[in-house]
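Novice: Single-letter residue listing:
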Amino acid sequence: MIKVDHVVLDYGLGNANSIASCLRDIGCHVIISNKFDQLRSARVIYIPGVGSFNQAMSKLHQQGLVEVLTEIKNNGQTLMVGMCLGMQLFAQSSDENTYTQGLGWIPGHVKHLKERVSNQHTLPHIGWNTLNKQVDDGLFELISARDSFYFDHSFYFETGGQYTCARTHYGAEFAAMVKRNNVVGFQFHPEKSQQAGKRLLIGLLNSYHIDRQPIWITNE
Amino acid sequence: MDNKRIIGKILIDGNLAIQSKGFSTYLPLGKPEILAEFLDQWQVDEILLIDRSASTRGTVIDADIISTVVEVCRSPLTVGGGISSVKQAELLVNKGADRIAINSAFHANPNFITQLSDMLGRQAVVTSLDFTMQDQQALVFDHKTRTSGKYQLMDACKLAEDKGAGELFIHSVDRDGLATGYELDVYKNIVDSVAIPVIASGGYGKPSHVQDVITTGVNAIAIGNGLNYVEHSIALIKAYLNASSIRASDMGYQAEQVTEEGRLLKQQDDYLDGLKFVKREGRWV
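Those sequence lines, one after another, are chains A and B.
With my numbering, you'll find the first sequence wraps up at 220, consecutive numbering, no jumps.
With my numbering, you'll find the second sequence wraps up at 1285, consecutive numbering, no jumps.
No lab work stands behind these hints, which were simulated from the structure alone.
Beta carbons are placed, not taken as given, at the ideal position from N, Cα and C, and that holds for glycine.
Worth double-checking, as some hints may not be accurate.
[Claimed, not checked] One-sided and incomplete, this derived list gives chain B residues near chain A with beta-carbon spacing under 8 Å:
#, residue
1, Asn1003
2, Arg1005
3, Asp1064
4, Ser1067
5, Val1070
6, Gly1205
[Unchecked claim] Pairs of lysine-lysine residues, derived as DSSO-like cross-links and limited to a Cα-Cα distance of at most 30 Å, are as follows:
#, chain 1, residue 1, chain 2, residue 2
7, A, Lys111, B, Lys1087
8, B, Lys1021, B, Lys1188
9, A, Lys111, B, Lys1163
10, B, Lys1163, A, Lys59
Based on the provided sequences and hints, a complete structural model is requested.
Specialist: Encoded structure:
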């Protein structure tokens, strides 16, 4: 087995290929895998999104991934990164399609945005939006207030302020980034957010001191 | 909130990007991944990649093209062309599509939209509808007969929303490739009648056309041919519009540098001289 630091989880739902391509851009050696030994030896595991919550959980259960991922996360040595739906899976439960239990790594529940957003705003929330930082964290090192990120979702993660490191505003404020120890989630798609997305991922990996080939960026 | 998107539309036929006029005249443009890479670098807000003839050929847009595009493109990607099963859609998402556009399969079986949004989530399902105007009525264009029947576009939009579509992509066949502006009244009516976002498509000729169609309340504006013949086209359109509802490009263009047609004005000599000595600083991160 070849040991690789960056593993994008392939669980049969989600845009694993886009995440892997984006990580290669920022100097990461990355594989897409669902093999337990490769997941166990990873430094970072990325959980992709694009899918519905109940389908994603049932695919994780079918492949025995819930137990394995939870065990890896509990060891505390691996950074777990969720994107869009991947981030929502960290919640205790979701109402999408039908009530479903999540991984439960971060206290909170996934709810439909219509409970918060007035009907002047169309849903799903699709488009670019800025972040409203809630904490000063090294992961925002390369991000300015003008940077926008690509959101594409109908549901949001309702969680405590202590786990919310950035919010965004679309009709109402809700969590855009969550973090709890070695678990970090993005409600948006950094892998699809052009330069800003790459800078955010670089900041994230640097803040956890994870090895990658440095890349050159020009100052604005 | 940078909520209005300017979408770059790449029409392909097999693995060749093409330009379309009125759904009847086609010109070759080249490799789709090259168009996608440029649009990505010019900070387009989303790319729509559609295989125009996949459904009539009875095939599905080639998943390998998606992989090739995703290698070079960090922009959101919506993909369409002959998709008629959940399995096909899942494969395309796995290759890097963020959203799936459904046209023919919706007409054949509207419940397919429901199956797809149950699996992928509503945010990943776009229903694509083509229409023509007849006696001031917008009617759904049928790709098989290549004409419009009696099916009202509005009925199709409402049906798609009920069935679980996350967005509507509404394309005017009459204005396709004519560069005369968008069919404003049609978009206004749809926006007023549905609660999901709407993409206007067909008719872009100059930046003010985008301004006009934004006032109808659509969430996104798709541009095809208009982007392919001007360097930095997307960045110039955004600079010209200078609108708070559109994500600004950071390529440094100012509104007064752009003509009404979306082209860069001839610059004064002192400005051009200054460009010779631009120093861009950077760092390793």
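Novice: Hold the hint about B:Asp1064 up to the distance rule: shortest CB distance to chain A must be less than 8 Å.
Specialist: violated (11 Å)
Novice: For the restraint on B:Gly1205, tell me whether the closest CB of chain A is nearer than 8 Å.
Specialist: Violated - the Cβ of B:Gly1205 stays beyond 8 Å from chain A, reaching only about 24 Å at its closest.
Novice: Is it true that the CA of B:Lys1021 sits at most 30 Å from the CA of B:Lys1188?
Specialist: Since the Cα atoms of B:Lys1021 and B:Lys1188 sit roughly 24 Å apart, the hinted pair holds (cutoff 30 Å).
Novice: Taking the closest Cβ pair, is B:Arg1005 under 8 Å from chain A?
Specialist: Since the shortest Cβ distance to chain A is 5 Å, the answer is holds.
Novice: Keeping to a limit of 30 Å between CA atoms, is the pair of A:Lys111 and B:Lys1087 held or broken?
Specialist: holds (27 Å)
Novice: Classify the hint on B:Asn1003 as holds or violated, based on whether any CB of chain A lies nearer than 8 Å to its CB.
Specialist: holds (5 Å)
Novice: Close enough to count: is the Cβ of B:Val1070 nearer than 8 Å to one in chain A?
Specialist: Since chain A brings a Cβ to about 5 Å from B:Val1070, closer than 8 Å, the hint holds.
Novice: Let's test the interface hint: is any C-beta of chain A closer than 8 Å to that of B:Ser1067?
Specialist: Nearest chain A Cβ about 6 Å off; hint holds.
Novice: Verify the proposed pairing of A:Lys111 with B:Lys1163, using a straight-line Cα cut of 30 Å.
Specialist: holds (21 Å)
Novice: For a C-alpha distance cap of 30 Å, please report whether B:Lys1163 and A:Lys59 respect it.
Specialist: holds (24 Å)
In the structure shown, a violation is registered for the earlier hints numbered 3, 6, in ascending order.
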